[in-house]
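These protein sequence lines are chains A and B, in that order. Residues 1 to 319 (UniProt numbering) make up the first sequence, in order. Residues 1 to 259 (UniProt numbering) make up the second sequence, in order.
Among the hints, erroneous ones may be present.
Simulated pairs of lysine-lysine, DSS-like, Cα-Cα distance not exceeding 25 Å [claimed, not checked]:
no., chain 1, residue 1, chain 2, residue 2
1, B, K108, A, K109
2, A, K7, B, K171
3, B, K171, B, K108
Simulated coverage check for chain B against chain A, where a stretch passes if three residues somewhere in it have a Cβ under 8 Å from a Cβ of chain A [said to hold, decoys possible]:
no., segment
4, 77-87
5, 152-159
6, 164-170
7, 201-215
Because the hints were derived from the structure by calculation, they are not lab data. Note that CB positions come from ideal geometry on N, CA and C, so glycine has one too.
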Amino acid sequence: MPRLTAKSATLLVLAALIAVTPFFFPSGYYYRVGALIFVNGLAVTGIVILTGYAGQISLGHAGFAGIGGYACALAPTHLGLHPSLAVVLGAAISGVLAYLVGRPILRLKGYYLAVATLGFGILVSMVLNNERQLTGGPDGIAVPELGLRGLLKDWGLDLTNGQFWYFFCGIALLIGAWIALNLHQSPSGRALRALHGSEIAAGTVGIDVARVKLQAFVISAVYASVAGSLVALQNKFITPDVAGFMHSIEMVTMAVLGGAGSVLGAIFGAGILTLLPQALTVFAEYEQLVLGLVMMLVMIFLREGLLPSVLRKLRGRGE
Amino acid sequence: MTLLSVEGLGISFGGIKAVHDVSFKVEPGEIVSVIGPNGAGKTTLFNMISGVYRPGLGRVVLEGEDVTGMAPFRLAQRGMSRTFQNLQIFQNMTVLENAISGFHLQEKGPVLADLLHLPSSRRRARAADAGARALLARVGLERAADREAGNLSYGSLKRLEIARALAMKPKVLLLDEPAAGCNAVETEEIDHLIAEVAASGTAILLVEHDMKMVMRISSHIVVLDHGEKIAEGSPAEVSRNPAVIAAYLGTEEGADADG
């Protein structure tokens, strides 16, 4: 059963990386960077489902991250919900909005989804910026404490804030990857990959192309929303930047750079694009330049994305 | 009740009648072939019947239900499947996964079960997997199961496409030039396969250029020329028909029908 191993291998590699890397951290600061990588990885795993499996492109997924993030800021104060339930509420709202936006759009063939989501993302970002009374506007808003770390402490597991969020986000990423990998080999996932291969053929085997595209869009929106919630809860603060256009582009770029067709590849891409700006702070002025250059080189020479291309090369050499 | 009935079907592209007023019927277990010179409108006719194009005129009736212009996936749910002249294979999948995709209507279920890898999801996938392997064996592709579909030879891809269509256990199967680009041995294999499928009760609607094959396996032949039906009948009747001979052997009109 080679497929079973591919799935378990991905999860094992991820789990091992999450568990072992902290031993090499020079300072507590790196837990924060790690947690950020995991959260980005989670959002990008949703992009893998939408773009890698189903071949659809969204340029507004940060909008869903914004909804997830602000749900954690607003639902506890205005609705009295526990922050953990606010994550669920945000995910539900994101899912429903994705359904409403996607339903009319995904009946059309072509790149309408990219344009429609672009508009959606800008809309969410504008609302968050302008509804000052509710959202605090561009300055952002405080987010209540999740409270789980305190609970763990009572149970005798004393973690620093950085450590807690590192492992919490790591586990969230593992669960997200597990779900995406389940989907890959399942009937629903096969239908997504089929329409990516040929929409005409997908129709002839009875796949309701518009419907399964919508499924992929809703699922990926929930991923982005949960990732947005985790960022907000970790920082205990959120600004509209989380819903900004650049963040949407960043998600797609991470997925494409690492390899949108593979969960591990996309997470790898998230890792690189999260780390690079940290490493490039020395050349802060040239950061965008270097990023752009890396992106171009990858697309020219390693079109499937970094990880899948490198793995293929290694395998080719082995034979 | 007639299984598939095509009634006065027609379509125009930019004012030119690509197909005009074509009617015929297909019964269970029959092999009905549509023949005609290049550009006679055979594939266009197929595309209208299978919902790829919406006909300008006429009706397609499947088991008494008007299915004219219905989306291909809905036709698939009602038991119509097809293959394509210029292959439509899922190049991003393995050979086995392509065949499994043919079982979509049987294996699909709640997405949530698939996301969480629940036993019900695994059971559905396993059943489709077994069915697909059996079908690959039937078309002689079992050894290629785990290869990337894109790496297969043209003849193999043709058989893979037929296997995927058969997975749906269709009542009507439309085959658009299944033997095109295949060598004599492969053609004969496909020939046997089609006869076998028809014998099991599936109606076959066939577009094919290999006249020997058409004459050998068809129960009924419809001849198109310039988008119109010029003859219909058994292979023997059709091959004696003067209009057919003229269309094929080139009166001046027949000669420039290419295109």
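Hint by hint, work out which the structure violates, then give me just those numbers in ascending order. Those not satisfied are hints 2, 5, 7.
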